[in-house]
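Undergrad: Using the sequences and the hints given, assemble the complete structure.
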Amino acid sequence: MTTPALARPPRANPVRRWSLVAAGALTWWVLYRLNAPFWDWLLFHAIGVDADSRLGDSVYFFFYDLTKITLLLCGIIFVVTVLRSFMSVERTRALLGGRREGVGNVAAAGLGVVTPFCSCSAVPAFIGFVAAGVPLGVTMSFLIASPMVNEVAVVLLYGLFGWQVTALYVAAGLTIAATAGWVIGRLRLERWVEPFVFETKLRGRPIDPAAGLSWDDRLTMGREEVASILRRIWPYLLVGIGVGALIHGWAPEAWFADHADGPLGVPIAVALGVPLYSNAAGVLPLVEALYAKGLPIGTVLAFMMSVVALSLPEVILLRRVLQPKLIATFVGVVATGIMAVGFLFNAVI
Amino acid sequence: MELRILGSGCAKCEALESATRAALAELGTDATIEKVTDPAEIASWGVMATPALVIDEDVVVSGRVPSTVEVAGWLATR
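Chains as they are written, first to last, in this note's numbering: chain A, -3 to 345; chain B, 485 to 562.
Please keep in mind that the hints were generated in silico from the structure rather than gathered at the bench.
Be aware that a few hints might be false.
To be verified - Pulled a few chain A residues facing chain B out of the computed Cβ check, cut under 10 Å:
id: 1; residue: V119
id: 2; residue: P120
id: 3; residue: E190
id: 4; residue: V193
id: 5; residue: L198
id: 6; residue: M217
id: 7; residue: S224
Unchecked claim - No more than 30 Å apart at the CA atoms, straight line, and that leaves these computed lysine-lysine pairs for BS3-like:
id: 8; chain 1: A; residue 1: K197; chain 2: B; residue 2: K519
id: 9; chain 1: B; residue 1: K519; chain 2: B; residue 2: K496
id: 10; chain 1: A; residue 1: K197; chain 2: A; residue 2: K321
id: 11; chain 1: B; residue 1: K496; chain 2: A; residue 2: K197
id: 12; chain 1: A; residue 1: K64; chain 2: A; residue 2: K289
id: 13; chain 1: A; residue 1: K64; chain 2: B; residue 2: K496
Here the structure is a predicted model, which means the values were calculated and not measured.
For every residue, glycine included, the Cβ atom is placed at its ideal position computed from N, Cα and C.
TA: Set out below in structure tokens:
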């Protein structure tokens, strides 16, 4: 019943739409292939930086990594956003409703990975889940997995470390999310949730954001998400790559080799990582550089997990619905899980 | 007509507000716009993904920023 002047624009031509997507994919691939030869040529041949100097090493790392990570991010965020537009928090909640603990925790951790979710919606989602009868521990599994095992982390890990490390990280992240949520559920901590959460009446019919979208809508969402995420994370990315480049060129390998293997490495990494607020894109260049300097993989992955899964701003947001004792338990349980994973990886690999 | 924009003040919430204002201007309709930032109240609308737009008592979109044309469509059918 729209007025003629406001009628939807005519449907875009599918051939044109998919040709544009294909052209975009091809451009991306060419740029990704050209990254290393281009910076090699520009820095070491055209400008004449000494390739064997510390400066040359750092500068090359900075530009090469910045280009590579930006390209990876654009590609992944676009693809994942389009795929995720078929999924929604509403569908996840429906899938989790009535599940028992245990199975529910595993399902919640898995769904945390595929559901489109922004941590800025953590509080409404928490209330929506709990008020609709999803158990507290299952809700927590979802909230832990969602930031920890996200598409950005997975693809960047793959790009920088290869598939083995990525598989380890994903398996560890899902295990921590499922287990930590299960533990919180077993502890029966509902009394430490702010009472209004249980009293919240859900009025109205929730609408499913995933319903009724055309392919054009989904592709537009993908494009807009790339722009919005890049706008939000570029400072973290620059700082992360900058620090990574400094470590790459200047950090003394001998010092790391002497000090990095001690048993305190993992707890220190987690203690540093928990209050830090960054995202996978910001922390990974740092992690890559530290790993290259000889820090063990368990220690660097524990650092990364604690940075992306727990943060001060998130805790402040959750304070709205959780009492301090429950927040402390939440941080404690997750941090313990991350440390256990760190020690395990250091011992096994 | 009463409009509510639900969201904790993120960039997308502002994008939704400007799309809504543009749609209102296009239609020449007058409406009050209330911004709801309290997470408990957002949740009470059954919304779990922000931003969301509520027209009178109905949530018409949540979790994404609709185009001005889309918003105008919803407003025009009221």
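Undergrad: Against each hint, give a clear statement of whether it holds in the structure.
TA: The hints, checked one at a time:
{"no.": "1", "hint": "V119", "verdict": "holds (4 Å)"}
{"no.": "2", "hint": "P120", "verdict": "holds (4 Å)"}
{"no.": "3", "hint": "E190", "verdict": "holds (9 Å)"}
{"no.": "4", "hint": "V193", "verdict": "holds (8 Å)"}
{"no.": "5", "hint": "L198", "verdict": "holds (5 Å)"}
{"no.": "6", "hint": "M217", "verdict": "holds (6 Å)"}
{"no.": "7", "hint": "S224", "verdict": "holds (6 Å)"}
{"no.": "8", "hint": "A/K197 to B/K519", "verdict": "holds (20 Å)"}
{"no.": "9", "hint": "B/K519 to B/K496", "verdict": "holds (13 Å)"}
{"no.": "10", "hint": "A/K197 to A/K321", "verdict": "holds (25 Å)"}
{"no.": "11", "hint": "B/K496 to A/K197", "verdict": "holds (26 Å)"}
{"no.": "12", "hint": "A/K64 to A/K289", "verdict": "holds (20 Å)"}
{"no.": "13", "hint": "A/K64 to B/K496", "verdict": "holds (27 Å)"}
The earlier numbered hints are all upheld by this structure, with none contradicted.
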